[in-house]
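First to last, the sequence lines map onto chains W and F.
Number 374 marks the last residue of the first sequence (our numbering); no jumps.
Number 138 marks the last residue of the second sequence (our numbering); no jumps.
No lab work stands behind these hints, which were simulated from the structure alone.
Take these hints with a grain of salt, some might be off.
[What the hints assert, rightly or not] No farther apart than 25 Å at their CA atoms in a straight line, the calculated lysine-lysine pairs in the DSS-like style are these:
(1) W:K206 - F:K5
(2) W:K179 - W:K101
(3) W:K210 - W:K58
(4) W:K179 - W:K210
(5) F:K5 - W:K192
(6) W:K101 - W:K334
(7) F:K71 - W:K206
(8) F:K16 - W:K210
(9) W:K101 - W:K298
(10) W:K192 - F:K71
(11) W:K301 - W:K331
(12) W:K178 - W:K192
(13) W:K179 - W:K192
(14) W:K58 - W:K295
(15) F:K5 - F:K16
It should be emphasised that the depicted structure is a prediction, and the values quoted were computed from it without experimental measurement.
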Amino acid sequence: MKTQLPHKESVTQEELVLNLGPQHPSTHGVFRMVLDLRGEMIVGVTPHMGYLHRGFEKLAERRTAVQYQPYPDRWDYLAAMFDEMAYIGAGEALLGIEAPKRAQVLRGIVMELNRLASHLLWLGTFLLDVGALSPFLYTFREREMILDLLMELTGARLTYSYLRFGGMTHDADETWLKKLGAGVPYFRQRLKEYRMLIDDNAIFRKRVEKIGIISGSTAIRYGLGGPMLRASGVSWDLRRNRPYGIYRDVSTPVVTQEAGDTWARYVVRMDEMAVSLDLLEIFLDLIPQGPLNAKVPKNIKFPDQETYFAVEGPRGELGVYLVGDGSVHAKRMKIRPPSLFNLQALSQLLVGSMVSDAIAILGSVDIVLGEVDR
Amino acid sequence: MVRVKQIGRGLINGLKVTGTHLLRRPVTRPYPEQRAYTPPRFRGVHRLVENECVVCHACDRVCPVQCVTIKGYRGEDRRFVLEQFDIDYNLCMFCNLCVEVCPPHCLLMGPEFEVAGANHDDLMWHLDDLSFERGERL
Numbered sequence: 001m002k003t004q005l006p007h008k009e010s011v012t013q014e015e016l017v018l019n020l021g022p023q024h025p026s027t028h029g030v031f032r033m034v035l036d037l038r039g040e041m042i043v044g045v046t047p048h049m050g051y052l053h054r055g056f057e058k059l060a061e062r063r064t065a066v067q068y069q070p071y072p073d074r075w076d077y078l079a080a081m082f083d084e085m086a087y088i089g090a091g092e093a094l095l096g097i098e099a100p101k102r103a104q105v106l107r108g109i110v111m112e113l114n115r116l117a118s119h120l121l122w123l124g125t126f127l128l129d130v131g132a133l134s135p136f137l138y139t140f141r142e143r144e145m146i147l148d149l150l151m152e153l154t155g156a157r158l159t160y161s162y163l164r165f166g167g168m169t170h171d172a173d174e175t176w177l178k179k180l181g182a183g184v185p186y187f188r189q190r191l192k193e194y195r196m197l198i199d200d201n202a203i204f205r206k207r208v209e210k211i212g213i214i215s216g217s218t219a220i221r222y223g224l225g226g227p228m229l230r231a232s233g234v235s236w237d238l239r240r241n242r243p244y245g246i247y248r249d250v251s252t253p254v255v256t257q258e259a260g261d262t263w264a265r266y267v268v269r270m271d272e273m274a275v276s277l278d279l280l281e282i283f284l285d286l287i288p289q290g291p292l293n294a295k296v297p298k299n300i301k302f303p304d305q306e307t308y309f310a311v312e313g314p315r316g317e318l319g320v321y322l323v324g325d326g327s328v329h330a331k332r333m334k335i336r337p338p339s340l341f342n343l344q345a346l347s348q349l350l351v352g353s354m355v356s357d358a359i360a361i362l363g364s365v366d367i368v369l370g371e372v373d374r
Numbered sequence: 001m002v003r004v005k006q007i008g009r010g011l012i013n014g015l016k017v018t019g020t021h022l023l024r025r026p027v028t029r030p031y032p033e034q035r036a037y038t039p040p041r042f043r044g045v046h047r048l049v050e051n052e053c054v055v056c057h058a059c060d061r062v063c064p065v066q067c068v069t070i071k072g073y074r075g076e077d078r079r080f081v082l083e084q085f086d087i088d089y090n091l092c093m094f095c096n097l098c099v100e101v102c103p104p105h106c107l108l109m110g111p112e113f114e115v116a117g118a119n120h121d122d123l124m125w126h127l128d129d130l131s132f133e134r135g136e137r138l
């Protein structure tokens, strides 16, 4: 991306190298980018990743299939249910197991709850990046309620370790479901409050409109996913286009925006939260009585085959490519983390914009470094 | 003029939200003074019903980080007696796999989560730290 510039006479035309990160709080984790600036204009960006590399792909080859079950929680610690679903789903596809209906609906419920929690954290930190403090406190209050709900169900706030091959660890009792049912209208109310507070705010709109624009075709070429792609007018959602689990039985509305700028990404995520709330209500009506766990062999061995299983995470397509060789370990596992792919478009998004916009644009990408570096 | 109107509307909306929150009770829990919220399924430090353990090593084998150390011997009445049961909280990631796999269901996870210690040895919990009688309040 670095462009070689001819010799310049004036200081204002000289290039300045600015190192942003890895501890800069606005980079949302240990992410470092080196910006080449001319005046206040960004002319080049070099991202440096890997500060949080923990070798999760290799660990899958060292741990048995059962032992690896708690690890996906640590890929993307803000939306751990999706990682679990991707790994468990890939494993189930290899093993030829299908979870019972109740487990599938329950998976849908916890995933949508987790999407809400993840988007709420994004909203809070994104607004903090552009200089608004109070929405951060409000979204964290609501997120804490969701995390409490998930903690009551699974036993942990972030690293749930909830899904298992062929089912899950705990069943949801009636009181929990009732609590969730009462929570949905409450969240809808709060969502309206956020939009009232943020949408009409002239300063916020001026700050985020028409910056970090990426067109639909470029977004597809970069392999972007999730709200990043949908904000560029591409109607692509794995929950509708390649449904899995309970999403095969429901029709998921796909939210799109045409502009492709930071504002559009904000709107898509806000609308997605509303869709998640609708889906939660549908799932609560759908949930049947019955067994929670399918029959699973005592000693789980991945057969000598390969599979790719992807779920629509809050950041985009989260896929797991899993190869078995008949042993209890995976022969190879490859994760397709959506944040990593979304981050690839950084040079496209940042070059040509101002330094002050860089933070807002990076915030709108919604990266989780645990997932980028794995 | 339009600009003033816009900013004014944002200001009024913001103040409206502030006003509604002004009279509400705080949602934060002052943690060290007040107990943290731990639901019944909460995965805190382990609890072991010592006399029910059959030294089957199931938890030891399933542990992804190998943080459990178990030693036992067969007593005079041919029952297994637990000699050593250590959990290394330097490594443990509270994943619940050991609890799920325990055949006599004598390994549990309690609500306690404050395991911080001054050195690595403090994080090594032994049998007498983990021991727990059934019916005892956690």
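Hints, verified against the model:
1. W:K206 - F:K5: holds (15 Å)
2. W:K179 - W:K101: holds (21 Å)
3. W:K210 - W:K58: Given that 25 Å is the threshold and the Cα spacing comes to 42 Å, the pair is violated.
4. W:K179 - W:K210: violated (41 Å)
5. F:K5 - W:K192: holds (22 Å)
6. W:K101 - W:K334: violated (28 Å)
7. F:K71 - W:K206: Judged against 25 Å, a Cα distance of about 67 Å means the pair is violated.
8. F:K16 - W:K210: violated (29 Å)
9. W:K101 - W:K298: holds (21 Å)
10. W:K192 - F:K71: Distance of about 59 Å is beyond 25 Å: violated.
11. W:K301 - W:K331: Distance of about 11 Å is within 25 Å: holds.
12. W:K178 - W:K192: Holds. K178 of chain W to K192 of chain W sits at ~22 Å (cutoff 25 Å).
13. W:K179 - W:K192: Answer holds: K179 of chain W to K192 of chain W is near 20 Å, not above 25 Å.
14. W:K58 - W:K295: violated (29 Å)
15. F:K5 - F:K16: holds (16 Å)
The structure does not agree with the numbered hints 3, 4, 6, 7, 8, 10, 14 stated previously, though it agrees with the rest.
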